[in-house]
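Asks: What follows is each chain in one-letter form.
There are 2 protein chains.
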Amino acid sequence: MKPVITAFDWVPPFAQGQVRDLRVRWALEEVGQSYDVRYLAQGAHKGPEHRALQPFGQVPTYEEGDLVLFESGAIVFHIAERFKGLLPPERDGRSRAVEWMFAALNSVEPPIMDHAIATIFEAGEPWSKARLPSVNARIDERLGELSRRLGDRDWLDGEFTAGDLLMVAVVRILEGDALLDPYPNLIAYVARGTARPAFRRALAAQIAGFTGEPPARFKEWAEKHKQAQGETA
Amino acid sequence: MKPVITAFDWVPPFAQGQVRDLRVRWALEEVGQSYDVRYLAQGAHKGPEHRALQPFGQVPTYEEGDLVLFESGAIVFHIAERFKGLLPPERDGRSRAVEWMFAALNSVEPPIMDHAIATIFEAGEPWSKARLPSVNARIDERLGELSRRLGDRDWLDGEFTAGDLLMVAVVRILEGDALLDPYPNLIAYVARGTARPAFRRALAAQIAGFTGEPPARFKEWAEKHKQAQGETA
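Sequence lines, in order, name chains A and B. Residue 854, in the working numbering, is where the first sequence stops; the numbers in between run on with no holes. Residue 854, in the working numbering, is where the second sequence stops; the numbers in between run on with no holes.
Hints are computed from structural coordinates only; laboratory data are not their basis. It is possible that some hints are incorrect.
Identical chains blur together in the list; that is why a pair holds if it fits in one copy or across any two.
Pairs of lysine-lysine residues, derived as DSBU-like cross-links and limited to a Cα-Cα distance of at most 35 Å, are as follows [claimed, not checked]:
id: 1; residue 1: 623; residue 2: 750
id: 2; residue 1: 750; residue 2: 847
id: 3; residue 1: 845; residue 2: 623
id: 4; residue 1: 667; residue 2: 750
id: 5; residue 1: 750; residue 2: 840
id: 6; residue 1: 845; residue 2: 750
id: 7; residue 1: 705; residue 2: 623
Please build the complete structure, drawing on both the sequences and the hints.
Replies: Below is the structure:
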């Protein structure tokens, strides 16, 4: 049975290649499971039909027969349990892979998302520039800790697991950002993860899906954002 | 074999009853598994010995024979898999319980932690007061969505699961805060969760463990925080 996921038919440029269905596509590609995509126009994700599947009005969702799941971390875990290739066979290794999944989403991603809030969604607010150093300091603390733990290993704990998949997906949000410069092993880790054929296929599929129209409110937002960047530059 | 967790021997008053070993203690109490605690003095969690177990210098950790785990979400999941009582027996129900675990930690907790950053750690910063409405708006959006999904059910998906355990632990960070006022079903949900005997035992055990001394830098911080609150009041 082919699972069906949801994804957006268009997102602003800064989000292309970052929307979380990418993580689910990547997991499905790693385990060799084909899937179908139901695309949502901007706005439809906040409507009652999608909210019946996803209470927070986000993508992706995952449908497989009677099972409906949301929350990309949980979907990646479900795929990793259901198919071979993303979790070690023995129980302790499996628990450690799950540990890195939670670490990626609960310890490393929140400060990185805070950076996105500060530089994108609150970019035009008067406090944003003053606040950025403290946001960056929290990110740097986590990156330093992750870098020291990774050391010169290829992956966080033995072979590539769903933990690496989510950690690479989280750290690559900063790809090309100076925040990663002090940590060449993390840059190499992200490069290693994103060079995987399964990742390349997942990314290409997400990008190819952006065939929809930008909504009018995006054009307004983009204009305001451009102005705000000019003011704080 | 009795698992061993780590916890702090003292934390500031605002964190007492919130440190994340509570979630692990609660899970262990729910499944009826006794445990030992190794207490860390403030500061020891950032030392090399603890970092060998927990790369981010946090508590709790969980040791069970050769297995060492960190990240409270992952530890709760491990306990839920290892012992009966926190996950439904059938696969789909299990995947949905895991979905709520990730939703608690990745969709609901980050904006709530942002509130803690704004009102505690950045309380003295000049931008904090101006920024708070946008932080609160993000929390309110999530609480409203959670409230609508919960409806008049006792728990998120059938019987109490590890997903409810983490969601209650996250939402109760706001217990007594006006942000919860518009959502009486969430207030009742938290009350239902925290009335469970396993929760009461876990909370009492965490509080009883705070027998250590406040470090000198806390006294400085408390003084500064008090001043900052006076300034923004």
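Asks: Hint numbers the structure violates, sorted upward?
Replies: Checked against the structure, the hints that fail are numbers 1, 3, while the rest are satisfied.
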